[in-house]
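Work the whole structure out from these sequences, hints included.
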Amino acid sequence: MCSDWHSLPVKLSENILEAINALGFKESLPVQQCVIPLLLSSKDVAAEAITGSGKTLAFVVPVLEILMQRKRPWQTYEIGALILSPTCELAIQIYEIVLHFIKFINKNEYNFSALVFTGSGRSSGPTTKFHDFNKFKENGSVILVSTPGRLTDLILTGTVVNFGLGNMANPIIRGLRSVEILILDEADRLLEMGFESQINTILSFLPKQRRTGLFSATQTTRVEDLVRAGLRNPVRVTVSQQTVGELESMNKNKSLQQRVPSSLQNFYTIVEPDEKISLILRFILLHKNDKILIFLATCACVDYFYCTLKGLLSMKQSKRIQRLHGKLSKKRFNLFTKFKETSNGILLCTDVMARGIDVPHIDWVIQCDPPTNATEFVHRCGRTARCGLKGNALLFVTSQEDAYINFLHINQQVNLLHMEREELNQHMTPLTTVDTPHSISERIRSLCKNDKLLHEKAMRAFVSYVQFYRKHECNLLLNHKKLDYGRLANGFGLLQLPAMPELRTGNVSAFNPSNVNVSKLTYRDKSVAKQRELMQISTETLKESKPKWLI
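Residues 16 to 566 in this note's numbering are what the sequence shown spells out, letter by letter.
Please keep in mind that the hints were generated in silico from the structure rather than gathered at the bench.
Heads up, a few of these hints could be off.
Across the chosen pairs, the derived CB separations fall in these ranges [claimed, not checked]:
id, residue 1, residue 2, range
1, G326, K535, 19 to 27 Å
2, N522, K41, 52 to 60 Å
3, P24, K303, 41 to 49 Å
4, R87, P24, 21 to 29 Å
5, P52, S414, 44 to 52 Å
6, A514, M550, 19 to 27 Å
7, N149, S454, 53 to 61 Å
8, G326, R225, 48 to 56 Å
9, K303, T172, 44 to 52 Å
10, R225, T444, 55 to 63 Å
11, N149, K535, 48 to 56 Å
12, K342, K150, 24 to 32 Å
13, T556, K535, 40 to 48 Å
No more than 27 Å apart at the CA atoms, straight line, and that leaves these computed lysine-lysine pairs for DSS-like [to be verified]:
id, residue 1, residue 2
14, K467, K334
15, K541, K342
16, K405, K41
17, K26, K58
18, K86, K58
19, K325, K496
C-beta atoms are modelled at their ideal positions from N, C-alpha and C, and glycine is treated no differently.
Dropping the structure here:
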């Protein structure tokens, strides 16, 4: 149920309404209708809402309204609002929304400022702790958006030695004593990423008399513990798909009836390990004008299939392909921005893109494998069908993994529609002799034969995938002993099998080994070849220089 922003039980400032209108949001959403009045009436709020429900505006709007209510001006080092976010991308996204609102607010007598601390930087590249600290030291910031890790670093290492403050106190610590409202966004993710100790450190520097908003898409015991530690007599808001909103005291707990938006069409299809890349390729070729997010199991898989898809597609189509994962720290923001700005881009990614990130108009989310954590399934799907828009999600499961569908229904209250192969084919280019799984596997092998670096990437990706599968949370349903390693290796286009304990007893009978001598492969990139040569010389020199009794 949506309603006009003017119909909220609290009156919003004209500046705020003007900024909302400029974003194109004509109506408020359920989570906003519930949370904004509560935060503005001095209540602490713990909000659980489905992905894509509009949580960001639900806290940005009251944050700014609260800061505007203060009668005396904010001093240089006073921090009025602190927003903690789990990832660099999400923190920057929130920061940019805050800047949008500040532009409208500062038209009047206000002079609000905002800073973001993530360590990843923006388009100019990564920032150091010294750079972030000096930015705050120069001008301060009324609104601070940060990841917990970077802020804790600045709190604990902003000392005389590191930042040349002399006897002056750390201005960030001084600023935190003025915080009037704290926002913990994606709280479940904050805890899953191991930020609990950093959050506790930050909480110890904040005033007890403050307002706190905690936002999460899923409810866990650890989130409940954080609520008890960081919020005072909070009101619990649960916004599900079938209930517009419920205000509950913390001693009540109502489970969600549906954790994904109703505008999302959620499908699964049975795909064997050696068919996946072929189906993805045909899907991409038919959906030339769609924006597609493809989740893969590991960083190594993202890197490898990014290279192989570029090698399999035409030059025009290959330009659509981008990649993003946690090990691309220096490039992540630029890559994310590039995908965000395209109308028909394709992003291969890990779960670094699963939480909170708001990319406009994603048409399809494809999950090539069940995620390690069942809650991540909900967050992955939530990248599409955001704020009432339509979207589609498709999960690949093998014939050995189909019990996972019922597990999702029980564990996450998610219902998936079975997309039969006949219906699936309607979303793909017609199957030709060059697009069969066997043909695609051979084409990938040809790419690997022509570049030893790609062969190395293939081996790393395969090994990382096997490790991902072996450590899966649902190992009773996704049993690595039942995995068809032979068909999996064919799907990866391997020239040979790596030496792994799992393969000694695993089923590899379907694997079609190549007769190529991999030791004779060469690197296409001469700089890579030179680098490998120098590494080899360095290793041999080090070995020769060691005393024989050490070797």
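Cross-check of the supplied hints:
1. Between G326 and K535 the C-beta distance comes to about 20 Å, which sits within the given range of 19 to 27 Å.
2. Under the hint 52 to 60 Å, the C-beta atoms of N522 and K41, about 56 Å apart, fit the expected range.
3. Take P24 and K303: their Cβ atoms lie about 47 Å apart, and the range 41 to 49 Å holds.
4. The hint said 21 to 29 Å for the Cβ distance between R87 and P24, and at roughly 28 Å that hint holds.
5. A C-beta distance of roughly 50 Å is found between P52 and S414, which places it inside the suggested range of 44 to 52 Å.
6. In this structure the hint that A514 and M550 lie 19 to 27 Å apart at CB holds, the actual value being about 21 Å.
7. Judged by the Cβ atoms, the range 53 to 61 Å given for N149 and S454 holds: they are separated by roughly 57 Å.
8. One distance hint, 48 to 56 Å for the beta-carbon pair G326 and R225, holds here, with the actual separation near 54 Å.
9. For K303 and T172, the hinted distance range of 44 to 52 Å is satisfied, since their beta carbons lie about 50 Å from each other.
10. Checking the proposed 55 to 63 Å range against R225 and T444 shows it holds: the Cβ atoms sit about 56 Å from each other.
11. Hint check: N149 to K535, Cβ distance near 54 Å, so the stated range 48 to 56 Å holds.
12. Between K342 and K150 the beta carbons are some 26 Å apart, a value that agrees with the proposed interval 24 to 32 Å.
13. Between T556 and K535, the C-beta spacing of about 24 Å breaks the proposed range 40 to 48 Å.
14. In summary, the hint linking K467 to K334 is supported, as the alpha carbons are separated by about 23 Å, within the 27 Å threshold.
15. A hinted pair counts as satisfied when its Cα atoms are at most 27 Å apart, and K541 with K342 qualifies at roughly 24 Å.
16. Taking the CA atoms of K405 and K41, the gap is about 17 Å. The hint holds against a cut of 27 Å.
17. Distance hint between K26 and K58 is fulfilled; the C-alpha atoms sit about 17 Å from each other, no more than 27 Å.
18. Restraint check: the Cα-Cα separation between K86 and K58 comes to about 20 Å, which is no more than 27 Å; the hinted pair holds.
19. For the proposed pair K325 and K496, the alpha carbon gap of about 32 Å is over 27 Å, so the pair is violated.
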